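Protein sequence lines, in the order shown, are assigned to chains A and B.
Residue numbers for the first sequence, in this note's numbering: -5 to 107.
Residue numbers for the second sequence, in this note's numbering: 151 to 244.
Hint data in this document are derived by calculation from the structure and do not stem from the laboratory.
No experiment lies behind these values; they were computed from the predicted model shown.
For glycine and all other residues, C-beta sits at the position ideal for the given N, C-alpha and C.
Hints are not guaranteed to be accurate.
[Stated by the list, open to error] If you anchor each label on the Cβ, the simulated ranges turn out as follows:
#1 B:A173 <-> A:R68: 23 to 33 Å
#2 A:R96 <-> B:T210: 42 to 52 Å
#3 A:P104 <-> B:A185: 33 to 43 Å
[To be verified] Examples of chain B residues lying across from chain A (beta carbon under 7 Å, computed):
#4 L156
#5 L157
#6 L168
#7 V169
#8 L174
#9 R178
#10 Q186
#11 L220
#12 T230
[To be verified] From the derived model, a few chain A residues whose C-beta atoms are all more than 10 Å from chain B:
#13 G42
#14 G63
#15 R64
#16 L65
#17 P101
#18 P104
#19 P105
#20 D106
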Amino acid sequence: MTGADVPVWTACLVVVLALTGAGFSLVGAIGLVRLRTFYERVHAPTLGATLGMALIVAASILFFSVVEGRLVLRDLLIGVFLTVTTPVTLILLGRAATYRDRAEGNPDAPPDP
Amino acid sequence: MSAATLLAWGLGLAQGMLVLAVALAAWRTLRGPRAQDRVLGLDTVYLNGMLAIMVHGLRTGSGLAFEAALVVALLGFAATLALAKFLMQGEVIQ
Chain A
-5 MTGADVPVWT
5 ACLVVVLALT
15 GAGFSLVGAI
25 GLVRLRTFYE
35 RVHAPTLGAT
45 LGMALIVAAS
55 ILFFSVVEGR
65 LVLRDLLIGV
75 FLTVTTPVTL
85 ILLGRAATYR
95 DRAEGNPDAP
105 PDP
Chain B
151 MSAATLLAWG
161 LGLAQGMLVL
171 AVALAAWRTL
181 RGPRAQDRVL
191 GLDTVYLNGM
201 LAIMVHGLRT
211 GSGLAFEAAL
221 VVALLGFAAT
231 LALAKFLMQG
241 EVIQ
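Given these sequences and hints, build the entire structure.
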């Protein structure tokens, strides 16, 4: 049960999916380093948390389905979990940052509605 | 080019890109400048580390990496949630 006994088209597709997903995650991490304020930076890693994660999960589902000869959907669990939890953590983090910035009178903070 | 060679090189490259992403996020965690930047960097370290574990599982062809990736995803969620709550109110459980 290794990569040696998968057909070439599966290997091509798995590599393309994994490379694209890793590329999206890398772009998100570069954005985390390059962007200037926290409220810009908070958006960058979500690129890896949504599209990058979905593509790598798709590559994993395809690879293990072909290797084991049946539909293997367990990686979907990670996909569903991350899709549910990422907005929750980022909303809480954004609220905490807004609260801290407003308490300190920082001009970067979004205006009070 | 055989399927095994293609998988080894392509997935190795993907793993390298994810490790670079972890390194960039770790730089943001260490550099700051504020606490919320560090928490965001730590969340990204967890996320990209989990993706690197999944790609490692693809490369070795073992299903064992799935459990590790799931545990890392759970820990990352719990850690970021607790830290965000701490930044908001100064205590995690009240």
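Here's how the hints hold up against the structure:
| no. | hint | in the structure |
| --- | --- | --- |
| 1 | B:A173 <-> A:R68: 23 to 33 Å | holds (29 Å) |
| 2 | A:R96 <-> B:T210: 42 to 52 Å | holds (49 Å) |
| 3 | A:P104 <-> B:A185: 33 to 43 Å | violated (18 Å) |
| 4 | L156 | holds (5 Å) |
| 5 | L157 | holds (4 Å) |
| 6 | L168 | holds (5 Å) |
| 7 | V169 | violated (10 Å) |
| 8 | L174 | holds (4 Å) |
| 9 | R178 | holds (5 Å) |
| 10 | Q186 | holds (4 Å) |
| 11 | L220 | holds (6 Å) |
| 12 | T230 | holds (4 Å) |
| 13 | G42 | violated (6 Å) |
| 14 | G63 | holds (14 Å) |
| 15 | R64 | holds (13 Å) |
| 16 | L65 | holds (14 Å) |
| 17 | P101 | holds (14 Å) |
| 18 | P104 | holds (14 Å) |
| 19 | P105 | holds (18 Å) |
| 20 | D106 | holds (17 Å) |
Violated hints for the displayed structure, listed by number in ascending order: 3, 7 and 13.
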